[in-house]
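K.L.:
Sequence:
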Amino acid sequence: MHKKTILLKILLIISISLFTISLFKNISFPLLWNDESETAMMAKHVLAFGYPKIHDGKNMVYHFTNAVGMNKKYDANLNCTWTSYYFAAIGESLARGTDNLYAKTALLRIPFALLGLLGVLIFALGSINVFEDNNKKLLFLNLFFLFEFFSVPLLLHLKEARYYSVIVFLVAFLFFVYFKYIIFKKISFISYFLSTIVLLFFLFNTFYPAFFIFIATACAHQFFLFAAEALKAKNTIRPLFFGFAKKLSPLIASLLLMIPFMVFFRIFEISRSYHTHKTIDLASYFNNLHNIWKFFENYDFIYLALSMKIILLFFLAYFIKNKITFPINQKLQISNFLTLFLFVYMVIVARMPYFFQRYFIVLQPILIIILLLDGFSIFEYLKHYNQKEPTNKIKRIVPLSIIAIFAFGTINLIPVLNNHLYELFHQYKGPLDFVIPHIKENYTNPENLIIATNYEETSYMYYLGSKTIIGFVYNNLEEDLKEEPDIIIPRKAWGNNQMLKMFFKKNRYNKKTFPVFDYLFNNIPEMSYHLFETEFAQNDNEGLAVYTKKNSK
Numbered sequence: 117m118h119k120k121t122i123l124l125k126i127l128l129i130i131s132i133s134l135f136t137i138s139l140f141k142n143i144s145f146p147l148l149w150n151d152e153s154e155t156a157m158m159a160k161h162v163l164a165f166g167y168p169k170i171h172d173g174k175n176m177v178y179h180f181t182n183a184v185g186m187n188k189k190y191d192a193n194l195n196c197t198w199t200s201y202y203f204a205a206i207g208e209s210l211a212r213g214t215d216n217l218y219a220k221t222a223l224l225r226i227p228f229a230l231l232g233l234l235g236v237l238i239f240a241l242g243s244i245n246v247f248e249d250n251n252k253k254l255l256f257l258n259l260f261f262l263f264e265f266f267s268v269p270l271l272l273h274l275k276e277a278r279y280y281s282v283i284v285f286l287v288a289f290l291f292f293v294y295f296k297y298i299i300f301k302k303i304s305f306i307s308y309f310l311s312t313i314v315l316l317f318f319l320f321n322t323f324y325p326a327f328f329i330f331i332a333t334a335c336a337h338q339f340f341l342f343a344a345e346a347l348k349a350k351n352t353i354r355p356l357f358f359g360f361a362k363k364l365s366p367l368i369a370s371l372l373l374m375i376p377f378m379v380f381f382r383i384f385e386i387s388r389s390y391h392t393h394k395t396i397d398l399a400s401y402f403n404n405l406h407n408i409w410k411f412f413e414n415y416d417f418i419y420l421a422l423s424m425k426i427i428l429l430f431f432l433a434y435f436i437k438n439k440i441t442f443p444i445n446q447k448l449q450i451s452n453f454l455t456l457f458l459f460v461y462m463v464i465v466a467r468m469p470y471f472f473q474r475y476f477i478v479l480q481p482i483l484i485i486i487l488l489l490d491g492f493s494i495f496e497y498l499k500h501y502n503q504k505e506p507t508n509k510i511k512r513i514v515p516l517s518i519i520a521i522f523a524f525g526t527i528n529l530i531p532v533l534n535n536h537l538y539e540l541f542h543q544y545k546g547p548l549d550f551v552i553p554h555i556k557e558n559y560t561n562p563e564n565l566i567i568a569t570n571y572e573e574t575s576y577m578y579y580l581g582s583k584t585i586i587g588f589v590y591n592n593l594e595e596d597l598k599e600e601p602d603i604i605i606p607r608k609a610w611g612n613n614q615m616l617k618m619f620f621k622k623n624r625y626n627k628k629t630f631p632v633f634d635y636l637f638n639n640i641p642e643m644s645y646h647l648f649e650t651e652f653a654q655n656d657n658e659g660l661a662v663y664t665k666k667n668s669k
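All residue numbers for the sequence shown refer to the numbering used here, where the first residue is 117 and numbers rise by one.
Please note: incorrect hints may appear among the correct ones.
Simulated pairs of lysine to any residue, SDA-like, Cα-Cα distance not exceeding 20 Å [stated by the list, open to error]:
(1) K348 with K439
(2) K394 with F180
(3) K622 with L597
(4) K410 with Y470
(5) K556 with N150
(6) K410 with I521
(7) K169 with N591
(8) K169 with N195
(9) K666 with R624
(10) K617 with N657
(11) K189 with F165
(12) K174 with N564
No wet-lab data here; the hints were simulated from the structure.
Based on the sequences and whatever the hints tell you, model everything.
P.N.:
As structure tokens, then:
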């Protein structure tokens, strides 16, 4: 084994280890925030009832204002498809073996983080066959995991007990299968057909916009390939058409198979309902596209990726001008497909009325693969055309430009990376990390308590087993107002506390203020809201206030 190979393998172990440590370190902190605890409660219901039931006899778990997402016959939650809830049941079944709050949290998050790690690895492995040389494969993997280590938003999303890592895994696996059959031709049609249908089934039942986006991209890609071959065909195109139909068959079959699920989950009704509550006009749509751009500008290497594309276009223009054949190698085939997917994904997902980074975080590893494949293609073209133009001057300028843009991007990411490193080695505490342990320690039977709060109500349900009322969408208000809560926790940032104030007229309460800042969320992976260290209140007005009913134990 050559020294270079040994060195690359050692570096790969280091780069994967750094990414893995960054993903799993301090995974138990903080306690589950609103969306994660909704997943945890649905996992509990899956284990208890076999499906994500809304009511469990004590609490109502439903984070939406629209009733169209309720299946009244089965009392089932249809606002989200269910793969992530069933997957979360793995962590929940393990978490039942401990009473420690943070051990429970870790056990719920670890399966999602493991799946996310596997998804990131599959993204890389799906493209690695473009290289025949093992050292180039190792170099590609090293660079990929180096770039991923810099992606703090991806790391934060992958460790959430939520569906984000499931999307990453399923999309990565779909690409892996698609490339194996369409580009590398290394698996049989039956393997391609069955694998695609199974993966698309789970993708629909995880995040159905990604299901439609993958099918749209693959169909467009196959049409372009078919059209290019048809234009070159000298005889009949019938064999080409049959080949085209064969490649599309698992995509069409998946669409047909999912029709009953589309009906059951009322995806078009629910989508219309969301757009009724918050309309998306042209300005909002372009604002969402702008937010995607700003995300990649602030937290990734979008300028480096664009530079690679521009350099490739210069190569193409030069080769056309000088009548040199431009080799469309496997690297460019995969890069072009991924670029098409990225474009289609952005155009479609930007129509979502409530827009968050979690909806497009799957694009991050895709962007890096595009960047790397284009980079390898550029350096191969520079080397291959050694005796012709581009001149030696261009050969110097191109690598130096790439290095300069990479350095600029890295410098831009250093503050975020430093904050993340601090977070990995210090325990972050949000409002829930103060109040939930306090309640657990001071009440003998917290499962008998009634807690009124206007946000993150499912966190109290999950950790304490308490009956929790009001919530942030007021979806059971008439019944909730009949209760007399033992504890009231008004979250200032969520505005209207009038409903909670009504309870003070019924009973007398003692106030306790915690030193933590009463922040919007316990924490959230959304970069514009994520806190990397505990934020303490500057005064009592900023602190988290908790009101306990007198003589309540």
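K.L.:
Does each hint hold? Answer for all of them.
P.N.:
The hints, checked one at a time:
1. K348 with K439: Holds, at roughly 18 Å.
2. K394 with F180: Distance of about 13 Å is within 20 Å: holds.
3. K622 with L597: Satisfied, since the Cα-Cα distance of roughly 11 Å is no more than 20 Å.
4. K410 with Y470: Within the cut-off at roughly 17 Å; holds.
5. K556 with N150: Holds, because 19 Å separates the two Cα atoms, which is no more than 20 Å.
6. K410 with I521: Measuring from Cα to Cα gives roughly 17 Å; hence the hint holds.
7. K169 with N591: holds, 15 Å
8. K169 with N195: holds, 12 Å
9. K666 with R624: Cα-Cα ~6 Å, so holds.
10. K617 with N657: holds, 17 Å
11. K189 with F165: holds, 14 Å
12. K174 with N564: holds, 10 Å
Figure legend: structure checked against the earlier numbered hints; every hint is met.
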